[in-house]
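Peer 1: Given the coordinates of chain A, assemble chains B, C and D onto it according to the supplied hints.
There are 4 protein chains.
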Amino acid sequence: MSSTFGTVFRVTTFGESHGKGVGAVVEGCPPGIAISEKDIQPQLDRRRPGQSLLTTDRDESDRVTILSGVENGRALGTPIALSVANRDQKPGDYASMQSIPRPSHADYTYQMKYGIRASSGGGRSSARETIGRVAAGAIAEKFLYEQYGIEFVAWVNAVSMTSASEIDENSVTRSAVDESIVRCPSKSDAAQMEKAIKTAKEAKDSLGGIITCVCRNVPAGLGEPVFDKMEARLAQAMMSIPATKGFEIGSGFSGTRLNGSKHNDPFIKRGDRLGTLTNNSGGVQGGISNGEPIIFRVAFKPPATIGQAQNTVDFDGNQTTLEAKGRHDPCVVPRAVPIVESMAALVISDMALQQKTRQY
Amino acid sequence: MSSTFGTVFRVTTFGESHGKGVGAVVEGCPPGIAISEKDIQPQLDRRRPGQSLLTTDRDESDRVTILSGVENGRALGTPIALSVANRDQKPGDYASMQSIPRPSHADYTYQMKYGIRASSGGGRSSARETIGRVAAGAIAEKFLYEQYGIEFVAWVNAVSMTSASEIDENSVTRSAVDESIVRCPSKSDAAQMEKAIKTAKEAKDSLGGIITCVCRNVPAGLGEPVFDKMEARLAQAMMSIPATKGFEIGSGFSGTRLNGSKHNDPFIKRGDRLGTLTNNSGGVQGGISNGEPIIFRVAFKPPATIGQAQNTVDFDGNQTTLEAKGRHDPCVVPRAVPIVESMAALVISDMALQQKTRQY
Amino acid sequence: MSSTFGTVFRVTTFGESHGKGVGAVVEGCPPGIAISEKDIQPQLDRRRPGQSLLTTDRDESDRVTILSGVENGRALGTPIALSVANRDQKPGDYASMQSIPRPSHADYTYQMKYGIRASSGGGRSSARETIGRVAAGAIAEKFLYEQYGIEFVAWVNAVSMTSASEIDENSVTRSAVDESIVRCPSKSDAAQMEKAIKTAKEAKDSLGGIITCVCRNVPAGLGEPVFDKMEARLAQAMMSIPATKGFEIGSGFSGTRLNGSKHNDPFIKRGDRLGTLTNNSGGVQGGISNGEPIIFRVAFKPPATIGQAQNTVDFDGNQTTLEAKGRHDPCVVPRAVPIVESMAALVISDMALQQKTRQY
Amino acid sequence: MSSTFGTVFRVTTFGESHGKGVGAVVEGCPPGIAISEKDIQPQLDRRRPGQSLLTTDRDESDRVTILSGVENGRALGTPIALSVANRDQKPGDYASMQSIPRPSHADYTYQMKYGIRASSGGGRSSARETIGRVAAGAIAEKFLYEQYGIEFVAWVNAVSMTSASEIDENSVTRSAVDESIVRCPSKSDAAQMEKAIKTAKEAKDSLGGIITCVCRNVPAGLGEPVFDKMEARLAQAMMSIPATKGFEIGSGFSGTRLNGSKHNDPFIKRGDRLGTLTNNSGGVQGGISNGEPIIFRVAFKPPATIGQAQNTVDFDGNQTTLEAKGRHDPCVVPRAVPIVESMAALVISDMALQQKTRQY
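Residue numbers (the working numbering), protein chains in the order written: chain A, 1195 to 1554; chain B, 1195 to 1554; chain C, 1195 to 1554; chain D, 1195 to 1554.
Derived by calculation from the structure, the hints in this document are not laboratory data.
Since this is a predicted model, take the numbers as computed values, not measurements.
Heads up, a few of these hints could be off.
Identical chains share a label here; the pair holds if one copy fits it or two copies do between them.
Unchecked claim - Listed next, the in silico DSS-like pairs over lysine-lysine satisfying Cα-Cα at most 25 Å (straight line):
hint : residue 1 : residue 2
1    : Lys1456   : Lys1398
2    : Lys1395   : Lys1463
3    : Lys1232   : Lys1463
4    : Lys1392   : Lys1519
5    : Lys1336   : Lys1214
6    : Lys1519   : Lys1395
7    : Lys1395   : Lys1456
Only chain A is shown next, with the shape it has when bound in the complex (with noise of 0.2 Å):
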């Protein structure tokens, strides 16, 4: 199921960085749901490159175009095809990486699966292809958000060395987040954030940082044991987007360091249903949500493609000295906050829709 993600709320992701286009489509949304372009575009404008000068320079615009699925602004419940089109190649800029593939990057392993890969940029491991994720998502947070009130936020905790400090999980809105260029709401942290990124890219070097996305709203119920628990999914859906290296929920790897007795949240009162006084579990226990907001977390390495001269050896097993031209991002985690979400949302809402079945 390689291109396809969902049992029941499902996408579909097709396209390559530099061919004639990406996209998605979706099945399982449930009709009526109100849809049209303007719902799509403002997330996949926070997605797109460009948008400051810590991220790479390419203007895509990255219109989408819907195609089929909805009518007069309603979803039929039928296949949502989502396209948009690819611009500004230059495949000259990867000339030199046909013969040396790019370290830690996806040039090898390609190769080596399909025996045969795309001549310029990253092909399907291009971060283009999280196009067709995102404008999937935000149908999905649209639905979620129509029938449920479920919003998601996500922004930039760590860039580097530089964590973010005293964010309430509870409050923080989107607004907030794009405050900084960075996506990251405590002000001063952003600061330091954007000052470590330019840095970076003036040593034509790269960062890496972590990323924590809140799910509010999101009733108790959701996950399917055993496989497709609530954490299990975020998780894969996290770890397939390009650069992640880990995923943790509530107390994560730092609640391994905590006795049962201060690790687990005890039930409290709240309405006509059961809350929790503390958040360890990160809204989750036993694989399904338990009505408190759902956190996780997600960790992205600097990207790979970078300005150094790197010694590598090249595709013969020749040493060589590499440096990659062209425009790179030295800080994929702002860009990836509208990503994180869009995830997000896919799990969820395809959850949401696997619950509907045992409703009698």
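Peer 2: Frame of chain A; chains B, C and D shown alone:
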């Protein structure tokens, strides 16, 4: 696909903690592979509770029976059904927990999801469900070893505050891992972990920990872009194991703090293929194995069921105190070692078979 | 998805003719449905060989055991594992067939596919595999009757040259069907069919036939465009039953000879919904149920294993003569009646659950 | 999996009759296969309406564009997205049909299923949806011919009362089929079919028919027991084509009247493999291809949309008369020939790839 995992090599598990039995159906195992109960039982024995004072005292012999799919010691290519009987049911132990959902356990969420739940124990959320995974994983391991020489070794890398040091991922063996009852191949660290678990047990408390797993001799080219990337499926697999809260591969979360120029793994010539000088990638680039060892870590929270009194509320929201009766594992991490290995084997066998479909 | 059928209500069957057992794992059954072995056994008994002199003489009691997923008579929403032990193995009966592939049987193709095959009987191609389907189908039937009042009645409509006449699809019942051992509710035709089967048995020959099935009270709106249309999934389901060679719905092949003006089913008002005056559509339009009875027919070839001497070649291509030993069914059609009903119930339960995901 | 077909070689179609476009995403095509629009267009042209006076007059050029997955004329192994723009929308033609569901059409059932439907034409139930299948099928055919030499030839075997005679399944070619506009390679029968269609057109009526398809050079061993048997998947594939009412393979329904001793296909030595003297099996035994030609037939009902006045009721149940405006096909069977071939190619390519996973 809640109880089914995999696309070509697929396992469907069944069974609750206290019904008649648990097990799995394995589809897609190539015909002709030598399989018998003897290939499966050792990993089930490593998973079994009651192996030492450190773990729960229940004696479950957990003998596996192959019901179908194998004849004269060879896989027929048809579904292999694996069954393990349940024993030792003491529903009385769980009586008080019927009206009080255990904090950070699945009692509340199962009730919210299904509107009904098993009357005792964790039902489908029980660690007993993992028997089917381990039995199926043993078959996957057999196949991968016979056909590719792939081997899986996992070990306990941390228990609570104690982390293991100096373990060579290229040479560590299962027998070295099993030398200590905590399954940490670093002897001095193992002793300290053991002590910590005993202390927690006496305090009717519980401890979490971290497991590291290495998959050696995985050929380059395995992993399915884009949603079934190697790390994405491993993440799903690991986060579907009960009590897991985090997953990281290669440099993981700490890699986010490195610059790209330091993080990138330069290629080198390694015999007739390319290798990498470092392995921050954890054996995976662009979602596809690169021929280096695949290395990942999994975070386990402290078990939720503890004997200490906990302030919480019952299902109706009334304040109460819960003291879990019965015998409960103070630290599941040592027993989870074969589960991690098994899930890794299930992921990689599925990917190996999928890769065959491209080899014309 | 070879041994798994369905998307939401899914069944995975396992087991060969002569291993330790056969069975199925049912996923997706809504929680709370009342289920016990007593709901399942009657259909297994109808499927069982040895019900009369007309069928094979093997006495297999075929008692089903529910291993998981049910507690106190209610489905938990977790996988329901169903197991039936094998007995009465007489491998000796099949000795001569080891080197000679039976004409029109699966011996040759299994060997070509898998490079190995079960040493006796039909292995996975045996009718015994259908036990898992019937057990699972009984659960699907229970669910559909409880929630929708849907009922399934199939009967033998033809044996060899004899076709049944005058059966009212709107009122025919299972007890009427079971009044004759050939399961044809038209008594005079049944007598003639019975006679034909006896004659064939004496001649060590075999007969084919046709089963008709009606599904009543299926609500309008079930069926998933475009590849999982109601008739498409029914066709797959029926053509997956051993020995089937054809499927038709509504007017079927004979409808190709009518003009559209005659074939179209005019709509009429039927209470608070629309109905149709005729039912050439067979209850399905555009792949979706229209609320009228779903009616289809399935063609079964004469069984391949016969006692008569057949000129054929062995696996090495040497000319030889084959006379099947053992006891073989001269006509499987009466026993296939519950299998057809079960597969129909599996299709429609899956579609009913999928339709739930649109109902916001 | 409503709009997705296949397990390894998989196609997802999208598009309504009158939206911006239709198309498909093809996953699993092995890398390196030579693919260009020129390989796809011929089958789309054969499917296109307006090829002669016998079919609907709409001129749709239906030019396919490959959006992704192919570079320099070679498949990359990544998803191949195929797009065809819609044109020639005349929604006015369908105005009267908005309040009156066409008898035996999908108007009523789509409304009941989705609570909403496309405002004109058949929406997703339109024959236009099959463009994606034909485009995808052309790729499957290319792959199967290159790697296995498999070829698919379908033809019109009956139109209404006229059946074709004397067509040699072993030698009939597509060019012979295309010699007549009704696509029947028996010339005298073709003339009579043509005449019948013209008569029906003048009477504003419609005709059904039967297509036969042969798949030659399919190697033994393809087909996935038990639910994805070759004939089961072919049946699903064919019955998912709009307007189909029946499917039979080999001896089909008429084979039910033969005794086993006559029906069985004796094995013979055929070069270095076994063949069969007769082919009542239709090339499939136990759900697996046996190396003989796979032969099946598909029944198409007369199109539901006719110009004649029909007595029926509107959506509110009020008695009314409907005369369909616009241009409608009096007989879709000739145009359905490439659709049948395409669906067969999709089934067999998927099975060929699945079989690769066993070949160690």
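Peer 1: To test your reading of the hints: which numbers does this structure violate?
Peer 2: 2 and 3
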